[in-house]
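**Student:** Assemble the whole structure, with the sequences as input and the hints as a guide.
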Amino acid sequence: MKEIELPILPISVIGSYPKPKWLREAIRARAEGKIDEAHMEEAYNDAVSSVVREQELLGVDIPSDGEMRREEMVEYFAERIEGFKFFGKVRVWGNNYFRKPGIVGPLKWRGPMTVEEFKFLRSVSTSPAVKVPITGPYTIADWSYIIYYKSKEEATFEIAKIINRELKALEEAGANFVQVDEPALTTHPEEMEWAVEAINEAVRGLNIKVGLHVCYSDYRILKPYYDKLKVSQFALEFANRGFSDLEVIRGLNVELGFGVVDVHNRFVESPEAVEAAILKVLNYVKPECLYINPDCGLKLLPRKIAREKLRSIKIGTERVRKKLNEKGIIKTYLKSEVNCS
Amino acid sequence: MKLAIEFSGSFPRDEAVSNLHSLRKSGDIDERTFLEKIIAKELKLVGSLDSLGFSLFTDGMLWADDILNPVASLSGAEAGGLVRFFDNNFFVRAPIVKKEISFIEGNALEAYAKFLKAFPEERRAKLKAPIPGPVTLVHFSQNSHYSSHAELLNAWGKKFLIPLVEKLKSMGFSSFEVHEPSIVSKAISQELKEEGGKLLGEIFDSFSGNRFLLMTYFSASLVDAKHLSYAIRENSILGIDLFTPSGWRLVKSLSEKWASRIYLGSLNSRSPIPERSSKLRGWVERAEELGFSEVFMGNNAPMDFVPPRWAMGKLRKLSRSVLSKKR
Ligand SMILES: [Zn+2]
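So the protein sequences, as listed, match chains G and S. Under this note's numbering, the letters of the first sequence match residues 137 to 477, in that order. Under this note's numbering, the letters of the second sequence match residues 11 to 337, in that order.
Some clues are possibly wrong.
What the hints assert, rightly or not - Here are the computed lysine-lysine pairs in the DSS-like style, where the Cα-Cα straight-line distance is at most 30 Å: (1) G:288 - S:289; (2) G:288 - S:35; (3) S:168 - S:236; (4) S:289 - G:221; (5) S:168 - S:12; (6) S:196 - S:168; (7) S:47 - G:225; (8) G:225 - S:327; (9) S:168 - S:127; (10) S:35 - G:440; (11) G:304 - G:244; (12) S:35 - G:170; (13) G:416 - S:108; (14) G:286 - S:327; (15) G:288 - S:262; (16) S:51 - S:124; (17) S:108 - G:225; (18) S:136 - S:327; (19) S:124 - S:35; (20) S:35 - G:225.
Said to hold, decoys possible - Computed far set for chain S versus chain G, every beta-carbon distance over 12 Å: (21) 20; (22) 123; (23) 283; (24) 295; (25) 329.
Claimed, not checked - Just a few of them, taken from the derived set where beta-carbon distance is under 10 Å, the chain S residues facing chain G: (26) 26; (27) 31; (28) 79; (29) 82.
Don't read these hints as lab results, they were simulated from the structure. The C-beta atom is built at its ideal place from N, Cα and C for all residues, glycine as well.
**Tutor:** Shown next as structure tokens:
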């Protein structure tokens, strides 16, 4: 992997970003047949250009495409992998839903699902590194009805093979940082052993940076698997839990993507709060092994609030960077293999 | 043996119900209009259940986000952050307990009251009021007021649930459905589950003329038989989820612990695929062999995990499969 230089404490996002209001209107118009495929594609491209630029202006060193083309993290892949069928909308909380898929036939990779997304992102971003999030095999299986396969385990490993092909296609297209999203990972502790194996299967044979994002989970269940998971970064959510369980990252021998702002709360954290959180986590992680990000995808926030939260991240991080710079710690590199013990 | 079918907990929101919630949230309709329209939907739902032969049902809880949702307005505990509801991709808001728990006449009572009033008086006996159980309340609470789980449990039971049931009873409900998945959860200590079982027994004893269905779900193990046996009363029925590996073993064990009535969680609310008729009928026979004098069959858990069309399909299938066999 080509060495890419980054400022110390690189700022990234988890993946999703609030969709511009006009994009949501375009999506609705497309569903009603009022605009054609080409128009929609142009709208998606314009939306990506604008949110990538926005992230960069706000100080994000490693932007994503904001998942502008994705409605929901499992839906997007279930729509594109052969063997899935949608059963209808199921509530996740309050009045929020997702279209729940079921696996009703043998699963097959139909071809790249995220490569075009990546290529467009790469073409509009001026940052040396960009992030492509991809939903992990365990979460896709866990959020689906398993009908065709005998067990969730069998289905998960089939999905892992497909995700592996997808990640290899991304690598071939030039992606240098992918992030496997597994919010469901710790929900059935008794399944962790094989779930971790399935994730490793999904990332096998890659020579690019692979992160793993796990959120709203019991990290004590994840902890025993830090070394077993073949990834170079864990992006974890800590603002939501008031930075209270930092002890749980002791023993993490790879990088930490540290969540410093809560994405389910419209209250905007101050730069001072971000700074304090980073200083606190530096008692547990070396600066070279620390990335800064929001807790999770920003898509549920009003765009204005998401912007303000990123601004706080930038100012808070800059303050800590200044302190580190005084000690001669100035930059880091995007690495596919790390040693943070 | 008496056999009946029963609908428990929440029914998934369809597009129209979901729209009503959006309109209420955005302030485009007021609370009164919201409730009126929701109750019209609920009446339609229970009308279908009634005609399918269900002997008991809830209002489908179309007005509430989840079983813990009414708690905030009725107890003074704040609605906190989102927490996962067991091993589902479904989240509830944790009650934040910062002060003494008490029962207050909050606006959630409106929903119960209006629904009850909208239902023809002669058929009101078929309605159940769903409420959360004390162990489940402790499990999901973010408590900074009480110094122990035992104290918190006691407070939820005696300061909140008993007055709540009293109130609902005075409004006209005679049947209650206590959602208590945490009493069979591995995440909860044996001591707390045992205390919880005893407390439930006490609560049931305070309302001897009323029917209580104690709904447990998502887990079952033989060790839980002991805690659950404390809640076996003249006026209570235990609900067991048959889709957990030890479901039937627990049912058998309860039959040996003198439970004469049982609720079989026979529709898997986490799968859209309807259960086979032969399977459902086989379960009725199995319960009869175990010597139960009354068997109630219904959904194993709230039905929010499948889309409405599939949920109704399952309920229809249950009616078709077991009612024709009724003797
Ligand atoms: Zn997340």
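**Student:** Indicate, hint by hint, whether the structure satisfies it.
**Tutor:** Hint by hint, here is what the structure shows:
With a C-alpha separation of about 22 Å, the suggested pairing of residue 288 of chain G with residue 289 of chain S holds against the 30 Å cut-off. Taking the CA atoms of residue 288 of chain G and residue 35 of chain S, the gap is about 37 Å. The hint is violated against a cut of 30 Å. In summary, the hint linking residue 168 of chain S to residue 236 of chain S is supported, as the alpha carbons are separated by about 22 Å, within the 30 Å threshold. Distance check on the hinted pair: residue 289 of chain S and residue 221 of chain G sit about 25 Å apart at the alpha-carbon level, within 30 Å; holds.
A C-alpha spacing of about 33 Å is found between residue 168 of chain S and residue 12 of chain S, which places the hinted pair above 30 Å, so the restraint is violated. Under the criterion of a C-alpha separation no larger than 30 Å, the hint pairing residue 196 of chain S with residue 168 of chain S is consistent with the structure, at around 25 Å. Of the supplied pair hints, the one linking residue 47 of chain S and residue 225 of chain G holds, its CA atoms being roughly 21 Å apart against a limit of 30 Å. Distance hint between residue 225 of chain G and residue 327 of chain S is fulfilled; the C-alpha atoms sit about 21 Å from each other, no more than 30 Å.
With a C-alpha separation of about 27 Å, the suggested pair residue 168 of chain S and residue 127 of chain S falls inside the 30 Å cut-off, and the hint holds. In summary, the hint linking residue 35 of chain S to residue 440 of chain G is supported, as the alpha carbons are separated by about 20 Å, within the 30 Å threshold. For the suggested pair residue 304 of chain G and residue 244 of chain G, the alpha carbons sit about 16 Å apart, so the restraint of at most 30 Å is met. For the hint pairing residue 35 of chain S with residue 170 of chain G, the CA-to-CA distance comes to about 28 Å; that is within 30 Å, so the pair holds.
Of the pairs offered as hints, the one joining residue 416 of chain G and residue 108 of chain S holds, with about 27 Å between alpha carbons and a cut-off of 30 Å not exceeded. Between residue 286 of chain G and residue 327 of chain S the CA atoms are separated by roughly 24 Å; this keeps the pair inside 30 Å, and the hint holds. For the hint linking residue 288 of chain G to residue 262 of chain S, the alpha-carbon distance of about 28 Å falls within 30 Å, and the restraint holds. Pair hint residue 51 of chain S plus residue 124 of chain S holds up; C-alpha atoms about 13 Å apart against a cutoff of 30 Å.
At most 30 Å may separate the alpha-carbon atoms for a hinted pair to count; residue 108 of chain S and residue 225 of chain G exceed this at roughly 36 Å. For the proposed pair residue 136 of chain S and residue 327 of chain S, the alpha carbon gap of about 20 Å is at most 30 Å, so the pair holds. A distance of roughly 20 Å separates the Cα atoms of residue 124 of chain S and residue 35 of chain S; the hinted pair therefore holds under the 30 Å criterion. The straight-line distance between the Cα atoms of residue 35 of chain S and residue 225 of chain G is roughly 19 Å, inside the 30 Å bound, and the hint therefore holds.
Look at residue 20 of chain S: its CB is around 9 Å from the nearest CB on chain G, not clear of 12 Å, so calling it non-interface is violated. Every Cβ of chain G is farther than 12 Å from the Cβ of residue 123 of chain S; the closest lies at roughly 23 Å, confirming the non-interface assignment. A cut-off of 12 Å between C-beta atoms contradicts the statement that residue 283 of chain S is not in contact with chain G; the least separation is 6 Å. No Cβ of chain G approaches the Cβ of residue 295 of chain S within 12 Å, the least distance being about 27 Å, so the stated non-interface status holds.
No Cβ of chain G comes within 12 Å of the Cβ of residue 329 of chain S; the nearest lies about 21 Å off, and the non-interface call holds. At about 12 Å, the closest approach between the beta carbon of residue 26 of chain S and any beta carbon in chain G exceeds 10 Å, and the interface hint on this residue is violated. Because the beta carbon of residue 31 of chain S sits about 4 Å from the nearest beta carbon in chain G, less than 10 Å, this interface hint is met. Proximity of residue 79 of chain S to chain G holds as hinted, the smallest CB-CB distance being about 9 Å (cut-off 10 Å).
Of the supplied interface hints, the one on residue 82 of chain S is violated, with its beta-carbon coming no nearer than about 13 Å to a beta-carbon of chain G, more than 10 Å.
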